[in-house]
Amino acid sequence: MPLLELKDATIRFGGLLAVKDLTFAVEDGELFGLIGPNGAGKTTVFNLITGVYAPTSGVIAFDGKPIQGKHPHQIAACGIARTFQNIRLFASMSVLENVQVSSHMRSTQGVLGSVFRGEHFHREETLHREEAMRLLELFQLEKLADEPAASLPYGSQRRLEIARALGTKPRLLLLDEPAAGMNPQESADLMRLIRRIRDEFKVSILLVEHNMKVVMGVCERIQVMVHGEAIALGVPSEIRTDPRVVEAYLGKE
Amino acid sequence: MESFLQQLINGISLGSIYALVALGYTMVYGVLRLINFAHGDVYMLGAYFGYYLSRLVQGRTPSHLLDAAVVMILSMIGCALIGVIMERFAYRPVRRASRLTLLIIAIGVSLLIENASQLIFGANPRFFPQLIPETHIHMGNLMLTNQQVIVLVTALALMILLNLFIYRSRTGKAMRAVSYNLDAAKLMGIDTDRIISLTFALGSALAAAGGILVSINIPGIDPLMGVMTGLKAFVAAVLGGIGNIFGAVLGGLILGLAEVMVAGYGSSTYRDAIAFLILIAILLFKPSGLLGKGQVEKV
Amino acid sequence: MKRLLWIAGTIGALLLLQWGATALLLDGPIRQGPYYYQIIILAGINIVLAVSLNLTNGIAGQFSIGHAGFFAVGAYMAASVSYYGGPAIRGAVSFLPLVGQDTVVLILALAAAALATALAGLLVGIPSLRLRGDYLAIVTLGFGEIIRVLILNIDAVGGARGFSGIPKLSNFFWVYLLVAAVIATVWNLVRSSYGRAFQAIRENEIAAQAMGVDVTRHKVLAFVISSMFAGMAGCLFGHYTMYLHTNSFTFVKSFEIIIMIAIGGLGSIEGAVLGAVLLTVLPEAFRGFEGYRMIVYSLAVILIMIYRPQGILGQVSVIKRVRAHFITKKAAREAATKAASSAAKMPVKAEGA
Numbered sequence: 002m003p004l005l006e007l008k009d010a011t012i013r014f015g016g017l018l019a020v021k022d023l024t025f026a027v028e029d030g031e032l033f034g035l036i037g038p039n040g041a042g043k044t045t046v047f048n049l050i051t052g053v054y055a056p057t058s059g060v061i062a063f064d065g066k067p068i069q070g071k072h073p074h075q076i077a078a079c080g081i082a083r084t085f086q087n088i089r090l091f092a093s094m095s096v097l098e099n100v101q102v103s104s105h106m107r108s109t110q111g112v113l114g115s116v117f118r119g120e121h122f123h124r125e126e127t128l129h130r131e132e133a134m135r136l137l138e139l140f141q142l143e144k145l146a147d148e149p150a151a152s153l154p155y156g157s158q159r160r161l162e163i164a165r166a167l168g169t170k171p172r173l174l175l176l177d178e179p180a181a182g183m184n185p186q187e188s189a190d191l192m193r194l195i196r197r198i199r200d201e202f203k204v205s206i207l208l209v210e211h212n213m214k215v216v217m218g219v220c221e222r223i224q225v226m227v228h229g230e231a232i233a234l235g236v237p238s239e240i241r242t243d244p245r246v247v248e249a250y251l252g253k254e
Numbered sequence: 074m075e076s077f078l079q080q081l082i083n084g085i086s087l088g089s090i091y092a093l094v095a096l097g098y099t100m101v102y103g104v105l106r107l108i109n110f111a112h113g114d115v116y117m118l119g120a121y122f123g124y125y126l127s128r129l130v131q132g133r134t135p136s137h138l139l140d141a142a143v144v145m146i147l148s149m150i151g152c153a154l155i156g157v158i159m160e161r162f163a164y165r166p167v168r169r170a171s172r173l174t175l176l177i178i179a180i181g182v183s184l185l186i187e188n189a190s191q192l193i194f195g196a197n198p199r200f201f202p203q204l205i206p207e208t209h210i211h212m213g214n215l216m217l218t219n220q221q222v223i224v225l226v227t228a229l230a231l232m233i234l235l236n237l238f239i240y241r242s243r244t245g246k247a248m249r250a251v252s253y254n255l256d257a258a259k260l261m262g263i264d265t266d267r268i269i270s271l272t273f274a275l276g277s278a279l280a281a282a283g284g285i286l287v288s289i290n291i292p293g294i295d296p297l298m299g300v301m302t303g304l305k306a307f308v309a310a311v312l313g314g315i316g317n318i319f320g321a322v323l324g325g326l327i328l329g330l331a332e333v334m335v336a337g338y339g340s341s342t343y344r345d346a347i348a349f350l351i352l353i354a355i356l357l358f359k360p361s362g363l364l365g366k367g368q369v370e371k372v
Numbered sequence: 002m003k004r005l006l007w008i009a010g011t012i013g014a015l016l017l018l019q020w021g022a023t024a025l026l027l028d029g030p031i032r033q034g035p036y037y038y039q040i041i042i043l044a045g046i047n048i049v050l051a052v053s054l055n056l057t058n059g060i061a062g063q064f065s066i067g068h069a070g071f072f073a074v075g076a077y078m079a080a081s082v083s084y085y086g087g088p089a090i091r092g093a094v095s096f097l098p099l100v101g102q103d104t105v106v107l108i109l110a111l112a113a114a115a116l117a118t119a120l121a122g123l124l125v126g127i128p129s130l131r132l133r134g135d136y137l138a139i140v141t142l143g144f145g146e147i148i149r150v151l152i153l154n155i156d157a158v159g160g161a162r163g164f165s166g167i168p169k170l171s172n173f174f175w176v177y178l179l180v181a182a183v184i185a186t187v188w189n190l191v192r193s194s195y196g197r198a199f200q201a202i203r204e205n206e207i208a209a210q211a212m213g214v215d216v217t218r219h220k221v222l223a224f225v226i227s228s229m230f231a232g233m234a235g236c237l238f239g240h241y242t243m244y245l246h247t248n249s250f251t252f253v254k255s256f257e258i259i260i261m262i263a264i265g266g267l268g269s270i271e272g273a274v275l276g277a278v279l280l281t282v283l284p285e286a287f288r289g290f291e292g293y294r295m296i297v298y299s300l301a302v303i304l305i306m307i308y309r310p311q312g313i314l315g316q317v318s319v320i321k322r323v324r325a326h327f328i329t330k331k332a333a334r335e336a337a338t339k340a341a342s343s344a345a346k347m348p349v350k351a352e353g354a
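Protein chains in written order, with our numbering: chain A, 2 to 254; chain B, 74 to 372; chain C, 2 to 354.
Any given hint might turn out to be false.
[Unchecked claim] In silico lysine-lysine, DSSO-like type, Cα no more than 27 Å apart, as pairs: (1) A:Lys71 with B:Lys359; (2) A:Lys71 with B:Lys366; (3) A:Lys8 with A:Lys71; (4) A:Lys203 with A:Lys66; (5) A:Lys71 with A:Lys21; (6) A:Lys203 with A:Lys71.
[Said to hold, decoys possible] Quick list of the computed label-pair ranges, beta carbon to beta carbon: (7) C:Gly315 with B:Pro198: 42 to 50 Å; (8) B:Ala257 with C:Ile313: 32 to 40 Å; (9) B:Glu207 with C:Leu300: 39 to 47 Å; (10) A:Gln86 with B:Asn254: 15 to 23 Å.
[Said to hold, decoys possible] Below, a sample of chain C positions facing chain A; criterion: calculated Cβ distance under 8 Å: (11) Asn189; (12) Leu190; (13) Ser194; (14) Ala198; (15) Ala201; (16) Glu204; (17) Ala209; (18) Gly213; (19) Asp215; (20) Val216.
Note that these hints are calculated values from the structure, not bench results. Ideal Cβ positions, reconstructed from N, Cα and C, are used throughout, including at glycine.
Construct all of the structure, not just a fragment, from the sequences and the given hints.
This is how it looks when you write it as structure tokens:
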């Protein structure tokens with residue numbers, strides 16, 4: 002059974018058919034790429050999966066259970082985490098707090114528990130802080146733990162977004178253009194990091210990316226979209242030579 | 074039936090006042106995304122300017138109507154100036170600050186005008202001079218006063234003028250551009266500071282007109298008269314869809330009618346609550362107001 | 002255990018202060034004592050209002066301007082309990098001395114106020130908090146006004162005449178116990194995963210939901226906690242002034258509380274306290290200049306917001322700073338003693354050279 006499955010997922014905004022009958026599946030542990038020219042509807046697909054939008058029709062199933070129509074926080078609780086194309090950190094909170102937010106849904110403390118603070122409260126708080134620190138270490142952000150997130154340089158902000166998403170302990174991680182604005186050196190580092198995340202955290206990764214070098218370099222399978230529709234699916238070498246894909250990106254001869 | 078029609082006329086009359094004041098809220102919100110809480114106080118100042126001017130002007134022109142027109146135009150100019158000064162010194166320095174900062178400053182300006190007015194004009198109510206002697210107009214069993222007619226006609230004329238200005242003139246076009254996107258408008262070479270000043274001037278002039286029209290009908294004026302009217306006019310603006318000119322007029326009329334009907338057929342103590350009840354009901358079903366466009370955050 | 006000691010210590014200290022304040026200000030040597038005593042009480046009530054509103058406005062970032070409405074609900078609810086139910090409650094605990102009976106009545110009134118306002122907060126919050134920014138602000142303002150008009154129309158609580166005959170049960174001790182409670186609650190909550198969730202919602206709602214924060218639930222939660230404390234403040238207010246009128250609960254009061262937290266520094270607990278104290282005490286201090294006083298006050302609000310929009314304290318936490326200061330001092334001292342002791346152990350080379 003695939004981990005994530007879209008069946009004829011469709012969404013319409015007024016007269017615009019943003020995603021039409023999209024069907025694809027991501028297997029457990031897979032590194033899966035979603036590409037397409039600007040305006041193809043890739044980010045919309047992310048928003049459908051994470052519950053920002055509910056599909057007009059079709060099924061989105063995670064781990065065999067339909068999740069369409071659920072609220073974003075419920076989907077996060079199911080085990081899907083994401084990053085954003087336009088970085089959305091909690092700007093004035095510290096780097097550590099940014100990651101700690103993602104453990105709130107696992108907290109067993111109620112409001113009263115948090116006000117009166119029993120032993121259990123402190124134990125859990127410490128545990129979650131240590132987990133968050135370990136994530137920061139992995140992303141080489143531990144020295145900046147107490148800095149406000151907004152003060153970080155761009156590349157570190159992108160890494161912090163990934164760390165924060167992993168803090169929810171997801172089984173599927175959606176990365177929305179993580180290489181945007183990175184130089185070749187940083188992109189190469191990012192590719193290594195993505196593979197390492199998959200191996201160490203045992204997550205599947207669904208990647209939207211414009212940087213072909215990164216997509217072709219890390220993804221095991223790639224789905225290509227144009228104007229909200231799927232046009233090709235395959236391993237990188239097939240996609241690279243697929244005439245429909247070439248046409249979509251370069252136009253007809 | 075007659076009494077219903079009578080209430081209808083009263084409601085439209087009150088509603089057109091709310092609409093005039095609501096227009097100022099909506100225009101300022103359109104360009105600056107600021108709830109100018111001091112706008113109701115400008116309306117009060119309009120009434121006071123009218124009060125003092127009346128004593129100077131009354132009887133110096135050939136007709137009562139001309140008296141009233143001179144008083145009204147001069148107070149509109151006076152309030153336009155107040156509006157421009159307010160924007161220049163209180164809001165312009167913080168145009169880029171957070172919405173909360175702007176809101177608190179607006180509250181501060183409102184308090185300042187109210188308290189300064191109490192000091193200057195005195196806290197006790199004053200009796201607005203009767204600029205136009207009251208005559209009654211009978212239409213079947215329906216009774217109108219000439220003052221009600223004047224209020225309606227003037228309010229309508231001002232709204233039509235404003236509409237022509239905003240949709241037909243070059244400056245009006247620039248104003249719409251600024252309200253659509255301030256930064257882009259600036260890049261297109263529009264002098265945005267001038268447009269914003271002008272918006273405050275226009276809005277304040279309309280509020281002054283509202284203040285005088287109200288005083289012609291209900292002659293008691295006091296320094297706090299703008300508080301509730303201002304709040305309700307703002308509610309009218311939100312009700313219609315803030316930032317939308319037609320919305321402000323529509324919201325004003327709905328509110329005026331509802332208040333008069335509640336006071337006429339229900340309990341007058343609930344009159345002040347009805348505005349908010351309608352507002353809440355509408356916002357819960359259509360958060361952007363009746364004619365407003367919803368803004369969706371792009372993810 | 003440590004916590005119990007803290008609580009007991011606070012109560013003890015407050016009792017002592019209460020005794021001191023009564024001895025000095027009410028019965029004692031300072032002339033005009035009752036006047037000062039009243040200012041201190043009102044400052045305490047304003048602190049509770051400001052700190053609690055700060056949880057919704059400053060920390061969770063949801064702009065509510067209807068706080069006075071909840072203050073009113075609590076005040077009237079509690080006053081009704083002690084006015085109508087007081088004799089029955091006293092009868093049930095007649096074996097207690099008078100002070101004990103007073104305490105029982107007040108505690109029940111407080112509980113009723115807390116319950117009623119928490120419920121009101123829930124009812125208002127669930128529909129309103131779907132709205133954002135200015136719309137939320139105006140809807141909360143609207144609810145505040147509706148609450149006021151409703152109370153005005155209930156004859157049992159005096160309607161337009163006002164509610165008189167409320168027993169005087171609250172005093173310095175109770176007001177400042179509530180102050181301690183609200184500060185401790187908000188302080189601890191902010192430094193827990195709830196507090197981080199609230200702040201995450203303020204910073205970026207969409208990202209907060211993507212991290213699994215149930216945004217609606219947390220907004221309503223912050224709102225309900227805020228309202229509850231406002232209601233309890235209302236209870237103590239009514240039982241101090243012994244008379245309630247809806248004119249004390251208009252949106253002007255809500256604006257006043259907003260100005261307190263904005264002046265002090267939005268989102269900072271110390272800021273809210275400072276703002277509340279300043280805005281209670283300063284107007285009193287300038288009472289002699291009636292007329293000009295409010296003009297100066299409004300000018301000050303405008304100027305502070307123009308030149309220091311983050312408020313007097315901004316987002317910095319004074320307590321954090323002081324603590325950091327002492328910790329570094331302590332560390333420095335320890336380092337110094339360590340250096341000294343190791344220097345002492347070292348054979349003295351320099352002398353020989």
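Structure-inconsistent hints, enumerated in ascending order: none
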